[in-house]
Amino acid sequence: MGLTLFEKLWRQHEISRLNDTKSLLYIDRIFLHERTGSFALTSLERNRRSVRRREHTFCTMDHIVDTFPGRGDDTLMPSGREFIIATRSAANFAGIKLFDIQDPSQGIVHVISPELGIALPGATLICPDSHTCTLGGIGALAWGVGSTEAEHALATSTLRVDKPATMRVNFVGKKPIGVTAKDIALYAIRTLSSSGGSGFAIEFAGEAIRNLTVEERLTLCNMATELSAFTALIAPDEQVFSYFDDKLYAPQKAHRLLALEHWMSLTSDSDAHFDREEHIDISGLKPQISWGISPEHCIDFDALIPNPRNAPDPYVAAAWQRALDYMELKPGGKLSDYEIDAAFLGSCTNSRLSDLKLAADYLDLTGATVSDKVKALCVPGSGSVKRAAEDLGLHKIFLRAGFEWREPGCSMCFFAGGETLGDRVRVASTTNRNFEGRQGPGVKTHLASPLSVVASACAGRLVAAEQRL
Amino acid sequence: MTPIKKHTGIAIPLVRDNIDTDTIIPSREMRSVSKAGLSEGLFAPWRYQDPDLRSPNLDFPMNQPAYSGATIFLGGRNFGCGSSREQAVWALQEWGCKAVIAHSFGTIFRNNATRNGLLTIALDSATIDMLSNWVTSDPQANRLDIDLIQCQINIANKMVRFEIAADTRTMLLEGLDEIGLTEKLLDEVDAFEKRDRRNRPWIYLS
Numbered sequence: 006m007g008l009t010l011f012e013k014l015w016r017q018h019e020i021s022r023l024n025d026t027k028s029l030l031y032i033d034r035i036f037l038h039e040r041t042g043s044f045a046l047t048s049l050e051r052n053r054r055s056v057r058r059r060e061h062t063f064c065t066m067d068h069i070v071d072t073f074p075g076r077g078d079d080t081l082m083p084s085g086r087e088f089i090i091a092t093r094s095a096a097n098f099a100g101i102k103l104f105d106i107q108d109p110s111q112g113i114v115h116v117i118s119p120e121l122g123i124a125l126p127g128a129t130l131i132c133p134d135s136h137t138c139t140l141g142g143i144g145a146l147a148w149g150v151g152s153t154e155a156e157h158a159l160a161t162s163t164l165r166v167d168k169p170a171t172m173r174v175n176f177v178g179k180k181p182i183g184v185t186a187k188d189i190a191l192y193a194i195r196t197l198s199s200s201g202g203s204g205f206a207i208e209f210a211g212e213a214i215r216n217l218t219v220e221e222r223l224t225l226c227n228m229a230t231e232l233s234a235f236t237a238l239i240a241p242d243e244q245v246f247s248y249f250d251d252k253l254y255a256p257q258k259a260h261r262l263l264a265l266e267h268w269m270s271l272t273s274d275s276d277a278h279f280d281r282e283e284h285i286d287i288s289g290l291k292p293q294i295s296w297g298i299s300p301e302h303c304i305d306f307d308a309l310i311p312n313p314r315n316a317p318d319p320y321v322a323a324a325w326q327r328a329l330d331y332m333e334l335k336p337g338g339k340l341s342d343y344e345i346d347a348a349f350l351g352s353c354t355n356s357r358l359s360d361l362k363l364a365a366d367y368l369d370l371t372g373a374t375v376s377d378k379v380k381a382l383c384v385p386g387s388g389s390v391k392r393a394a395e396d397l398g399l400h401k402i403f404l405r406a407g408f409e410w411r412e413p414g415c416s417m418c419f420f421a422g423g424e425t426l427g428d429r430v431r432v433a434s435t436t437n438r439n440f441e442g443r444q445g446p447g448v449k450t451h452l453a454s455p456l457s458v459v460a461s462a463c464a465g466r467l468v469a470a471e472q473r474l
Numbered sequence: 002m003t004p005i006k007k008h009t010g011i012a013i014p015l016v017r018d019n020i021d022t023d024t025i026i027p028s029r030e031m032r033s034v035s036k037a038g039l040s041e042g043l044f045a046p047w048r049y050q051d052p053d054l055r056s057p058n059l060d061f062p063m064n065q066p067a068y069s070g071a072t073i074f075l076g077g078r079n080f081g082c083g084s085s086r087e088q089a090v091w092a093l094q095e096w097g098c099k100a101v102i103a104h105s106f107g108t109i110f111r112n113n114a115t116r117n118g119l120l121t122i123a124l125d126s127a128t129i130d131m132l133s134n135w136v137t138s139d140p141q142a143n144r145l146d147i148d149l150i151q152c153q154i155n156i157a158n159k160m161v162r163f164e165i166a167a168d169t170r171t172m173l174l175e176g177l178d179e180i181g182l183t184e185k186l187l188d189e190v191d192a193f194e195k196r197d198r199r200n201r202p203w204i205y206l207s
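Chains as they are written, first to last, in this note's numbering: chain X, 6 to 474; chain D, 2 to 207.
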């Protein structure tokens with residue numbers, strides 16, 4: 006019997022079997038950020054341990070750092086400065102590469118790790134951050150851990166991992182025009198539920214997946230954690246291989262040929278067995294938007310807001326009612342009837358050049374400007390994305406339309422006590438979590454694609470691009 | 002890590018699905034690079050009417066005398082989903098929580114819990130509902146008696162069995178430090194690297 010891609014990667018990194026379910030896996034790359042990495046590094050130092058492979062360990066400032074032009078170590082978030090300084094000092098003490106605030110490569114960890122060739126096809130990568138699964142988009146075996154596990158990986162270059170089951174999610178049909186990878190991700194979570202991936206390493210497959218660009222694959226895999234999956238991955242192909250042609254830390258020269266040979270073997274064999282197979286038809290997919298407080302609470306833009314009376318069971322009915330109450334929505338109505346106060350374009354889900362270009366093209370094509378009532382932010386995912394966008398003149402389009410143009414970082418993906426979109430406001434957001442209070446006390450987050458968010462910003466209410474045109 | 006073998010305590014039922022780590026400890030409550038000082042922020046969005054003023058929401062069980070001294074939470078599906086922040090576990094523990102019983106858990110949360118000696122027990126929805134009803138009828142008297150050695154929860158006239166991975170159970174019972182255990186295997190790691198360097202020289206940056 007053949008092997009799944011996941012099984013191949015597992016075996017390649019398995020140092021030893023610790024028991025029936027758990028193996029000691031080799032960790033090729035570790036990435037840290039100032040929010041959780043600071044704990045791992047300072048705890049390591051306190052326990053008089055050192056980083057075993059400094060050259061495979063990287064750190065960035067993304068979660069807490071402000072995104073205002075001219076920013077420094079001071080943050081609007083109270084005590085943010087303490088996190089930044091502690092991280093810098095611990096990173097320097099440990100002797101690892103830090104992409105500090107003024108570094109031209111600084112940015113959101115999951116945006117810069119492929120951009121710099123730190124995440125690679127077939128490599129294991131961990132980060133104390135749940136969205137590390139993003140890197141499955143380039144065929145890395147990457148997953149999020151806590152700070153204690155990160156400390157374990159720093160000290161030993163390994164992790165003790167319970168082997169997850171395997172699931173293949175086959176996307177059937179072609180992605181319709183106007184539908185983005187974000188819509189596919191939201192629809193997959195809506196279909197499989199926010200715990201549907203629990204205990205599984207997921208492989209996304211099918212013609213529609215092969216046709217996704219590298220950046221679209223990163224967006225799709227980013228949201229695997231919203232399925233509660235261990236991680237997700239997509240078999241790397243020519244497109245991915247050429248993506249790594251010119252990346253700083255990616256293999257060069259003779260090593261590149263050896264790497265290519267290895268990367269080409271990274272597919273699931275045709276007779277591989279998956280513990281579970283799912284098929285999701287996306288041929289008729291429409292833009293998706295979240296209405297509730299879990300990413301599984303998604304509907305088509307033109308659909309009616311769900312009524313708990315129609316819920317499949319009493320638990321779901323109770324969850325829907327809580328969601329409606331929190332979101333201040335009436336069942337049976339349409340989301341397009343609701344005005345928004347803010348729009349956020351950014352995060353590890355949707356802050357790459359193609360996301361910004363899609364949104365800017367919409368603004369350019371329609372000549373639309375942001376509604377007077379809406380505060381709109383565009384936060385590029387990295388210094389490199391920002392420069393590339395500025396080379397294309399996208400920043401001028403955003404600024405002219407009424408968006409703020411910021412420095413790279415996680416920004417308003419969550420509210421850390423500093424910058425705020427306002428209390429209890431309604432937000433159209435390209436982020437990944439619509440949890441209660443995630444973007445601030447009482448803030449009502451609606452997740453959608455960059456295209457839908459920019460259209461909503463201009464309409465001043467929740468609409469898909471096609472509804473506004 | 003403090004070992005945990007048996008624990009008897011008052012339980013707070015929060016039987017709803019997808020209680021995420023942002024709710025357990027919001028980002029804005031993680032105010033210093035320290036594991037200490039987090040318990041005040043535990044469940045801040047639900048526990049306080051106004052989190053800034055710390056004015057208690059009296060409808061929330063953590064603020065009710067009936068649940069005073071509680072050490073166990075009962076949850077629904079996917080407890081601890083979302084962000085990987087280990088602060089969720091540290092906040093629960095600092096507040097006094099020794100165990101969480103839920104239908105299922107976010108994977109990273111559960112790993113974090115085990116590595117800090119916080120017991121997590123998965124049970125089916127019907128059993129959770131039964132425990133929740135029993136606890137609610139008299140929280141101070143109806144305490145849950147958890148026995149990790151026997152893998153069972155004892156209540157007045159019933160016994161509920163639970164399953165837990167063997168190595169997780171051992172780690173909790175013995176309070177093991179995983180890093181220390183793995184450090185004993187570093188010779189194997191060295192040998193792996195030597196072999197792997199021949200197969201994947203491109204992965205090694207020095």
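Calculated directly from the structure, the hints in this document are not laboratory data.
As the structure is a computational prediction, the values presented were derived from the model and not from experiment.
Check each hint, because a few of them may be wrong.
[To be verified] Among the chain X residues that face chain D by a calculated CB cut under 8 Å, a handful are:
hint: 1; residue: Trp15
hint: 2; residue: Glu156
hint: 3; residue: Ser247
hint: 4; residue: Pro256
hint: 5; residue: Ala264
hint: 6; residue: Gln326
hint: 7; residue: Asp330
hint: 8; residue: Gly407
hint: 9; residue: Glu424
hint: 10; residue: Pro446
[Said to hold, decoys possible] 25 Å max Cα-Cα, derived DSS-like pairs, lysine-lysine:
hint: 11; chain 1: D; residue 1: Lys99; chain 2: X; residue 2: Lys258
hint: 12; chain 1: X; residue 1: Lys27; chain 2: D; residue 2: Lys6
hint: 13; chain 1: D; residue 1: Lys195; chain 2: X; residue 2: Lys27
hint: 14; chain 1: X; residue 1: Lys380; chain 2: X; residue 2: Lys362
hint: 15; chain 1: D; residue 1: Lys6; chain 2: X; residue 2: Lys13
hint: 16; chain 1: X; residue 1: Lys339; chain 2: X; residue 2: Lys291
hint: 17; chain 1: X; residue 1: Lys168; chain 2: D; residue 2: Lys159
hint: 18; chain 1: X; residue 1: Lys168; chain 2: X; residue 2: Lys13
hint: 19; chain 1: D; residue 1: Lys195; chain 2: D; residue 2: Lys159
hint: 20; chain 1: X; residue 1: Lys27; chain 2: D; residue 2: Lys159
hint: 21; chain 1: D; residue 1: Lys195; chain 2: D; residue 2: Lys99
hint: 22; chain 1: X; residue 1: Lys401; chain 2: X; residue 2: Lys378
Ideal Cβ placement from N, Cα and C applies to all residues, glycine included.
Structure-based check of all given hints:
no.	hint	verdict
1	Trp15	violated (14 Å)
2	Glu156	holds (7 Å)
3	Ser247	violated (16 Å)
4	Pro256	holds (4 Å)
5	Ala264	holds (4 Å)
6	Gln326	violated (11 Å)
7	Asp330	violated (13 Å)
8	Gly407	violated (27 Å)
9	Glu424	violated (11 Å)
10	Pro446	holds (7 Å)
11	Lys99/D with Lys258/X	violated (54 Å)
12	Lys27/X with Lys6/D	holds (22 Å)
13	Lys195/D with Lys27/X	holds (23 Å)
14	Lys380/X with Lys362/X	holds (20 Å)
15	Lys6/D with Lys13/X	violated (38 Å)
16	Lys339/X with Lys291/X	holds (15 Å)
17	Lys168/X with Lys159/D	violated (34 Å)
18	Lys168/X with Lys13/X	holds (13 Å)
19	Lys195/D with Lys159/D	violated (55 Å)
20	Lys27/X with Lys159/D	violated (33 Å)
21	Lys195/D with Lys99/D	violated (43 Å)
22	Lys401/X with Lys378/X	holds (21 Å)
Taken one by one, the earlier hints fail for this structure at numbers 1, 3, 6, 7, 8, 9, 11, 15, 17, 19, 20, 21, listed in ascending order.
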